[in-house]
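So the sequences go chain by chain: B and X.
The opening position of the first sequence corresponds to residue 30 in the numbering used here, with each subsequent residue numbered one higher.
The opening position of the second sequence corresponds to residue 30 in the numbering used here, with each subsequent residue numbered one higher.
Some hints here could point you the wrong way.
One copy or two, it doesn't matter: identical chains are merged, so the pair holds either way.
Okay, derived cross-link-like pairs now, DSS-like style, lysine-lysine, Cα gap no bigger than 25 angstroms in a straight line [as the list claims (entries may be wrong)]:
hint : residue 1 : residue 2
1    : K312      : K344
2    : K255      : K131
3    : K379      : K72
4    : K209      : K183
5    : K384      : K32
6    : K255      : K350
7    : K383      : K344
8    : K72       : K32
9    : K280      : K149
10   : K137      : K350
11   : K255      : K134
12   : K149      : K383
13   : K305      : K149
14   : K312      : K149
15   : K344      : K72
16   : K72       : K161
17   : K72       : K31
Hints are computed from structural coordinates only; laboratory data are not their basis.
Protein chains: 2
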Amino acid sequence: MKKYNFYAGPSILSEHTIKNTAEAILDFSGMGLSIMEISHRSKEFIAVMEKAQLLFKELLGIPDGYSVLFLQGGASLQFCMVPYNLLVNKAAYLDTGSWASKAIKEAKIFGEVDVVASSKDSTYGFIPKGYKIPSDADYFHITTNNTIYGTEIKKDIDAPVPLVADMSSDIFSRPMDVSKYALIYGGAQKNLAPSGVTFVIIRNDILGNVSRPIPTMLDYATHIEKESMFNTPPVVPVYAALQTLEWYRQKGGVGAMHRENNEKAELIYGEIDRNKLFEPNVKDPEDRSIMNVTFVMNHHYKDLESEFLAYATEKGMVGIKGHRSVGGFRASIYNAMPLSGVEALVEVMKEFEKKH
Amino acid sequence: MKKYNFYAGPSILSEHTIKNTAEAILDFSGMGLSIMEISHRSKEFIAVMEKAQLLFKELLGIPDGYSVLFLQGGASLQFCMVPYNLLVNKAAYLDTGSWASKAIKEAKIFGEVDVVASSKDSTYGFIPKGYKIPSDADYFHITTNNTIYGTEIKKDIDAPVPLVADMSSDIFSRPMDVSKYALIYGGAQKNLAPSGVTFVIIRNDILGNVSRPIPTMLDYATHIEKESMFNTPPVVPVYAALQTLEWYRQKGGVGAMHRENNEKAELIYGEIDRNKLFEPNVKDPEDRSIMNVTFVMNHHYKDLESEFLAYATEKGMVGIKGHRSVGGFRASIYNAMPLSGVEALVEVMKEFEKKH
């Protein structure tokens, strides 16, 4: 039976990424050695690192003056690196979920934090609007996609201060205007690579304003200067990221990914809205994530929840259990999820409706 | 032609590690999914993490009261995490090389640093002895193996204060008495795994003395409490580490590795001492690393350096060029290097001598 991987992250990667990475583990670049055991200073690996940075820039249309970094520690380490490097007096944060709230917690260690709006009281079921970004903030931080709740900021916003975005789970899902951001970061384990590599897109001129001493590894300037090779980078995850980037180019770039993502999202949200057994967590279509689709049983059918989970799992739908904080179900339909996977899930939802 | 991988790191890994990791990239644990795309919260991956921690403890005989952590960021991030968590007033460091000196630089951000001894003036060609560890230091930091210079502290030393060791490049090379250490850390890309995972062995009771606020990701207490699963761990490197640990057990544990390492080291140092073309960088046998063997051309034959490098490379000896700061050659003979690799290199050295 065909299995479909709906895990929220680490999550589905393209066959291209998986196959090429497995091959490089056995023999990298015709060297007769595994990519796991070659020097990161070898010309073969330096070429990987350079190509990955270039493709990142090409696919997202990153303007001059920005650097692309491949670091370690996940978005969680960025939660402290961002204020370490950028927070002089005050930072503004939008609280759209548990990851945003973790970022806020770390920023408070370094200075004043102004939480401009929060949807916490509604279990983060929508993206707050109409908030005001203080013009004296050192930066404004947003989490563009909220994997647990299924909300997403799907447009590049305008901010009167440097905009910092955690895009761990929706980078490469749509074309974007990078020039509106001062810094974009994310763990790679959604739309890019296995866990273990963290991407950072940074406008070089935003650094140098804080007076606190910054440990070398936590200083973005270190990694910009050394082009992500200050210390040994996570070689295998970076190689896998390059494979995904090449696959994106082959598929037609982020514009093509966006069209497919919208098609997948419309199909599944359409079914959730239509099917009498289910209802969406996120009511406002504007806020609905095209990466993580969260839904629950309609209140008349609450007792069918575990039965549907078992039924769908048996039909090959892997990882659709919702996060414990919202319950129900979550179908993560990242870039590498084919339309056929979403069609299969919708079919299972229809079949289950017929049974009841 | 058979190639032998003498890279200093990332470096040679066992066939067992390479083959099993490549297989898991294609299909992990019979799940029908790649290990790159499964949730780190899946029971299959939790089992990997737990087994790796247990085997670490078993192989090194780690006493109760210690935790084994798998983190990110390499030894370079530990250089700041150690003082962040442990430096109240003053720390003592032994300066045995460029990595030790980088660790010292980071510690100075957090407090007073007493460098008890240094061999810097002799290009770090020996391990300083007869130094005094101040009894009021919060900890004493050593780098047990110095990859660039080829020196090694091959015995567990006694310290009157908590002992902290960077064992990036010699962990698992010999049986050791972990109870003499408060904290041991290292990048895994020598004797354990591909780059991207950092091991930390920590005595739990050494924490809690500093008053500075510690960012969550930099606080060892976070990772002890969450058993290295606070955020998404580097799944592939951790899996590869487990394969190496299982291979060590199959080979008879660290005692067996130590016997083999000594045999390899005696063979190559013996040839360097005997062969008229070469001379060792490290004169005192007590200080000679059994992991990284550094040597140069004898001063009568200096002009043969690039010829020997080309000759050896042509014969399949990969990565034996010495680090630019010491020149000459470096044969890294980590645990996974078979005796036959060292025999092949010695044969090449003998052949080259015959030619001249």
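- [ ] If any of the earlier hints don't hold here, list their numbers in rising order.
- [x] 1, 3, 9, 10, 12, 13 and 16
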